[in-house]
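Student: Top to bottom, those sequences are chains A and B.
Note that the first sequence covers residues 1 to 164 in my numbering.
Note that the second sequence covers residues 1 to 187 in my numbering.
The hints are simulated quantities; they were obtained by calculation from the structure and are not laboratory data.
Any given hint could be a false lead.
Cβ-Cβ distance ranges computed for the label pairs, FRET-style [what the hints assert, rightly or not]: (1) A/LYS47 / B/TRP54: 36 to 44 Å; (2) B/ASN13 / A/LEU48: 33 to 41 Å; (3) B/ASN13 / A/PRO109: 18 to 26 Å; (4) B/GLN21 / A/GLY134: 24 to 32 Å; (5) A/GLN45 / B/GLY52: 16 to 24 Å; (6) A/ALA12 / B/ALA58: 19 to 27 Å; (7) A/GLN45 / B/GLU16: 20 to 28 Å; (8) B/GLU15 / A/ASN62: 29 to 37 Å.
Below, simulated SDA-like cross-link-like pairs (lysine to any residue); rule was C-alpha separation at most 25 Å, straight line [what the hints assert, rightly or not]: (9) A/LYS47 / B/ALA67; (10) A/LYS153 / B/PHE33; (11) A/LYS47 / B/GLU16; (12) A/LYS153 / A/ASP97; (13) A/LYS47 / B/PHE33; (14) A/LYS153 / B/GLU16; (15) A/LYS9 / B/GLU16; (16) A/LYS47 / A/ASP97.
Quick partial rundown of chain B residues pointing at chain A, CB under 7 Å, derived from the structure [as the list claims (entries may be wrong)]: (17) GLY32; (18) PHE33; (19) ALA135.
In this text, all values refer to a predicted model and were calculated from it rather than measured experimentally.
Where is the CB? At the ideal position from N, CA and C, for every residue including glycine.
Listed here are the chains, written in short residue letters.
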Amino acid sequence: MIDRATLSKLFADHAAPLVLYARQWLDRGLAEDVVQEAYIRLMGQRKLPANPRAWLYCTVRNGAISQFRAQSRRLRREQATAPNETWFEAEAGQWIDGMAARSAMLDLPESQREIIALRLWGQLTLNEIAEVTGSSTSGVFDQYRAGLNALRKAMGVTCKTEDG
Amino acid sequence: MQDRGRLEPLPLNDEEREFEQMVTRLAPPAPGFNAGEIWMNALARRQRRQLGFWRIAAGGLAACLVAALWLGPAQPTFVPVRVVRSLTVAAHVNDDLTVKDFAVPLRPLGGRGAGDDDDSYMNLRQRVMLRGLSALNVSPQRIGVAASVSTQEPRIEPLPRVEPVVTPAAAGPIDRFFNLLQKGPAL
Chain A
1 MIDRATLSKL FADHAAPLVL YARQWLDRGL AEDVVQEAYI RLMGQRKLPA NPRAWLYCTV
61 RNGAISQFRA QSRRLRREQA TAPNETWFEA EAGQWIDGMA ARSAMLDLPE SQREIIALRL
121 WGQLTLNEIA EVTGSSTSGV FDQYRAGLNA LRKAMGVTCK TEDG
Chain B
1 MQDRGRLEPL PLNDEEREFE QMVTRLAPPA PGFNAGEIWM NALARRQRRQ LGFWRIAAGG
61 LAACLVAALW LGPAQPTFVP VRVVRSLTVA AHVNDDLTVK DFAVPLRPLG GRGAGDDDDS
121 YMNLRQRVML RGLSALNVSP QRIGVAASVS TQEPRIEPLP RVEPVVTPAA AGPIDRFFNL
181 LQKGPAL
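Here chain B stands alone, though its shape is the one from the complex (with noise of 0.2 Å):
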């Protein structure tokens, strides 16, 4: 307890002096509590406060990241194209749309060796419907499928007439080739 009686001096009298003094000398009870538990108290709200900081940090930077993420530039989407030469054919039809010529002049793929990939099965499935099952015996040349390493303009063979295998009511694609199926024995 700090000394008592050490007041400033006032101009007071001698009877407000003597008084004073005499109230002085009352002394306040000692509170229920003691600097120890101050200082554990003191200790503790340091560190939860330390805590609420960390955790505000760790907030913000997850706010961060959610915010780059949903924010940030979007990754380039690599979509797989397949460069392709359109297939010039050349078709001559007829009024009554009865097929009598195709010429398909298939162009190199680039760079992939012909007959390594399914377009040469297309080729040939193409070709059959079109020509019918004539087309299994020609060569590799004559069904068109270029070397691969070939980037010279592919030379448009003309192709041998032949009778058309596709009836007019059969002018669709699949319906063509379910008709040479069926006739394909008789053939």
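If we strip away everything but chain A, and leave its shape as in the complex, we get (with noise of 0.2 Å):
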């Protein structure tokens, strides 16, 4: 079992970014669900994964999507359109608007939305995104760029700069 004091570190770094990639298909307690019980998968391994980031957000993406596959049409919908959710904290003197960061990443492609938020939060390369997205590196590449420039667009009229 993986004592303690690496998962205080594994839980420091990655907790957050999880929740917020499994929120790319679920709400916030179903989310954290999702990233609490891959934690302790993790703990129940004999021994620490090669890559444990790229190993929790995989066990976490599968989690998730199972989830969401399971929850009725009804709650996606639901969870689709609520309104006051956020997705990130609100921080004074912040350049840009969380919820309309959150707006422009629902309207992107699903795809586009994943790759953005592994390497924007998850801070994960482009090899660990392909393996835990099951895609190639280069493919991985174009989406984030594609998806990058679209969330640009997006937020356009909301991004702030720093003259004001």
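Hey, can you piece these two chains together into the complex? The hints should help.
Tutor: Listed below in structure tokens is the structure:
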């Protein structure tokens, strides 16, 4: 079983981005359940995986997609239209509106949204993203670039500059 | 939280890179659980798994025990038997079914002392049934109960001719017995 110090470090580094990643498919409560389950499963491993970060994201992805498919259509619609759910912390002096970022993210195709979440907040490399999503590295880069540009265009009106 | 901004450098233009850095500053909120809860849940699940393992092991052993008792080799069945030698009965019965004479040589019963068991009584009873109460006067040798230690073939002794005490109407052993009882005092 993995020691507690390792768990604490993995939790501090990846728990919040993992929940954000799971929220691509689920609401906050279910996303936290999936992430917690992934950590518990990690603790049940005989030895730490070679790349625990990729392992965690892969496990969360599988769990979230499984939960998403198990949900009824009504729940999915309610979840998709939940207006008050925030994906990002509201920080003072932040240049980008979190709600606008969430709205722009939701408008992206699922594959692009997933890759952007993995890179920008999960800080996974392209190879790790390709491993998690089961795509090629070049395909991941193309999707990421396309998604980033779409996000930039969608948020262009809400982006604030340092000048004000 | 891991350090933000440590993104793998990608061949992006300046606008894309700037926007990427800007968006990265958005921080996802902290989850509603902590590492301690995960640790406790993992321990509890591990204990449950071990408990389940031992339950399955105990159940398997119990099933094996039942199967062994059910399918195992049968216990040897000891049927108490008693090896006796058959009595050679020489009966001379005339045409009108009147019993003329009986010679009942009794062979020794293996290893047991004559008179020590119920056979002596049965032998005597049999003689009485066949020959009447006069059989009570004969010596033990005449009764035919040989010494238990004797392994020799018993000698068939000719019995003295006696009057038949059994009528053809009561040819059955039980009938003859009761007939004898009824006639006993008269004899």
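Student: For each hint, tell me whether it holds in the structure or not.
Tutor: Consistency of the hints with the structure:
no.	hint	in the structure
1	A/LYS47 / B/TRP54: 36 to 44 Å	violated, 24 Å
2	B/ASN13 / A/LEU48: 33 to 41 Å	holds, 38 Å
3	B/ASN13 / A/PRO109: 18 to 26 Å	holds, 22 Å
4	B/GLN21 / A/GLY134: 24 to 32 Å	holds, 28 Å
5	A/GLN45 / B/GLY52: 16 to 24 Å	holds, 18 Å
6	A/ALA12 / B/ALA58: 19 to 27 Å	violated, 41 Å
7	A/GLN45 / B/GLU16: 20 to 28 Å	violated, 38 Å
8	B/GLU15 / A/ASN62: 29 to 37 Å	holds, 35 Å
9	A/LYS47 / B/ALA67	violated, 39 Å
10	A/LYS153 / B/PHE33	violated, 35 Å
11	A/LYS47 / B/GLU16	violated, 39 Å
12	A/LYS153 / A/ASP97	holds, 14 Å
13	A/LYS47 / B/PHE33	holds, 24 Å
14	A/LYS153 / B/GLU16	holds, 11 Å
15	A/LYS9 / B/GLU16	violated, 31 Å
16	A/LYS47 / A/ASP97	violated, 41 Å
17	GLY32	holds, 6 Å
18	PHE33	holds, 6 Å
19	ALA135	violated, 94 Å
Checked against the numbered hints listed earlier, the structure breaks hints 1, 6, 7, 9, 10, 11, 15, 16, 19; every other hint is satisfied.
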